[in-house]
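**Q** One-letter residues, chain by chain:
Number of protein chains: 2
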Amino acid sequence: MKILTLTEESKTDILENLLKRSPNSYGKFESQVAEIIENVRAKKDAALFDYTRRFDGADISADTILVTDAEIKEAYENVDAKLLEVIKKALVNIRTYHEKQRQYSWFDSEENGILLGQKVTPLQRVGVYVPGGKAVYPSSVLMNVMPAKVAGVDEIIMTTPPGKDGKICASTLVAAKEAGVDRIYKVGGAQAIAALAFGTESIPKVDKIVGPGNIYVALAKKAVFGHVSIDSIAGPSEILVLADETANPRFVAADLLSQAEHDEMASAILVTTSKTLAEEVSKEIDAFVKQLSRKEIIQKSLDQYGYILVAKDDAEAIQTANEIASEHLEIVMKNPYEVMTKIRNAGAIFLGEYSSEPLGDYFAGPNHVLPTNGTAKFFSPLSVDDFIKKSSIISYSKEALEPVYKDIVQFAECEQLTAHANSIKVRFED
Amino acid sequence: MKILTLTEESKTDILENLLKRSPNSYGKFESQVAEIIENVRAKKDAALFDYTRRFDGADISADTILVTDAEIKEAYENVDAKLLEVIKKALVNIRTYHEKQRQYSWFDSEENGILLGQKVTPLQRVGVYVPGGKAVYPSSVLMNVMPAKVAGVDEIIMTTPPGKDGKICASTLVAAKEAGVDRIYKVGGAQAIAALAFGTESIPKVDKIVGPGNIYVALAKKAVFGHVSIDSIAGPSEILVLADETANPRFVAADLLSQAEHDEMASAILVTTSKTLAEEVSKEIDAFVKQLSRKEIIQKSLDQYGYILVAKDDAEAIQTANEIASEHLEIVMKNPYEVMTKIRNAGAIFLGEYSSEPLGDYFAGPNHVLPTNGTAKFFSPLSVDDFIKKSSIISYSKEALEPVYKDIVQFAECEQLTAHANSIKVRFED
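Which chain is which? The protein sequence lines are A and B, in order. Letter 6 of the first sequence, counting from 1, is numbered 6 in full-length UniProt numbering, and no numbers are missing. Letter 353 of the second sequence, counting from 1, is numbered 353 in full-length UniProt numbering, and no numbers are missing.
Think of the hints as simulated: they come from the structure by calculation, not from any bench. These numbers were taken from a predicted model, which means no experiment stands behind them. Each hint can be trusted.
The list treats identical chains as one, so a pair stands whether inside a single copy or across any two.
List of simulated lysine-lysine pairs, DSSO-like, C-alpha gap at most 27 Å:
no., residue 1, residue 2
1, K11, K44
2, K275, K334
3, K295, K2
4, K20, K222
5, K334, K425
6, K300, K20
7, K222, K43
8, K205, K177
9, K222, K28
10, K89, K406
Between the sequences and the hints, there should be enough to build the whole structure, so can you do that?
**A** The following block contains the structure:
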């Protein structure tokens, strides 16, 4: 793998190249997605069944769209027993971590009768989208469902495209059941998002839609935003490893490749202050790639969006990591905690040489749904926060309002909102 | 004002009527907005100056787009001294309330060397949009800026359309300065949103855009979502008063009108179990409207989106409030706190007869930027939460990883992600 020396110029080029992967640049699919949404809004179930026939080659009806208890039982019989065991272990960790994210209603009061606060309420009904297709990721089901469950959402429904045989893969069903999904519908694509946003005869309207998907799903989520809430729009996966001369090049190389294998648009970047490490990692990568089952994907991803960058010092390396704002950031340096204090932008930060990124994907407990493509500058990992909302609480006694009521009237009159002023004045008119 | 008895049927009609006000239904402006955004992205400042000439009739250049210290000084000389005093008082309350919303980084550790947590980081640069035009709302400046300030955002920039004379109104400038805005640019509309999202020669790209605006601004915010973060899309204002026979009809009527005056699309709804109160409030409204300066707006708003609804019992009244999910909810009943426990959906909840809605608009401290149009089902008031983001922290020692590494490998292999499995295996290959 090629090694670059970091300069302001090379950095600008790299940032531009990475942003090409943005799911926000696919305007050409927008009108197609808009048409699907309009159709589902108008024709509801009929449109869903029609699209499922066309896009998934499956015959689904009002009688078969909902996964039955018998189908779930069958899935448990067919699923790999070892996988089920690991799912159960992972779920304990995921639940435990997310329980620590819980937020609570609070208030503060003064003795004159002022009470102010915030009431925290879970969302009522949430839709989780699970992609079908070639790759099936039960871990993704766990990560999308568990924060909603911990938040106390009343009803979690899932949609996922059926295979041509009208079935859903066993590991998806088992993961959904273990995580606590209430109902599963056999529908995918933009049509599933439209159904969740507006409701059909079979599928109830939800308050929020989460979960990854292809470009149609991403654009549909963006289009229905405002009618419902959505999670952040997922882009291709990324890893950035910040490493110095103390890092094990074999570990670093393996970790970079673990993200590169996700998809041709994935990005794997090493930023190091050690020229020697850069060279060793490059060699290890070349050796590993040959042995890995997904080598074609990995090679394309590395060619397009993989970089080994040599920085002149820690400060430059850290600044580059902050500018790229990677989904996953590993810090494999002498003093990882000290470096971490300087990190502003990253989805998840992995510290030290045994905190390999796949540990976070599957097992440790923190969510693997993370902001991609530079959006870690303003988005957060999927969390319990995504499944609650807050209401302000305002309570004033007469005693509390009286000394300030003229100020409020003054403010309202300055804004020429006389009915606002009136609603305060009437309370003291006698 | 007309009084309706609440039935399932009337409720469905009302909910449908209210949703007509959704800013998500204005598809026809979308292509216009898309064109403005593309132009600003391509031609940057030149496009901004051109649109400002066309839409605002003002000549702005690279030399004059940024509000100068001299202009701010002049604003202080021209602003109403009493308004400035009230702004300062309100700011103390707004700051105090928002400081209680602060979230903190946390971690939890186990003695085998596992450390998991979340790092909370403020956003780096935020853009606040402030509408120009007829109505000027310094309170809106305070409410949009203060949570960002309390969150610790490094740089808060504001954009607002200039008048034909190229000037910004004094009260906006003074409110911005008092709240702690770092820089103010004279540009409005979709072009301002595009500039904040993508940057121009004059205006730097921000991480998040907040603030209300007309339909062009709302659609532009939606279009750039993903490139930057945005607050929820603001619709027309709303109030719902839940009242029983103990309520003062004059207070209730005045409070309903305080929202109806905002705009013809605003909605004011009374839901009461008392037929007598319904009739008294109706009479008070008719009497008040005649005296109020914004009577034309109020009358149109009441005719289209105003309702007095009589419910058969508290449960039906409360359920209706939850289904409408109003921006502002007043509870004027014998036991407001008990009723509040049953409220799931509302932007801000005002308790008791002295907690008039304008108290919250201007003074009490909680934010007046609230979810509208039913979105209180899933969105929250603007808060410090909007200006921070989180990163997961994951640290495992060798001792911690060793007993579980085979589980992780198992999970990765079930998902056929062999490079993921490899990155765990290499750590234990000897």
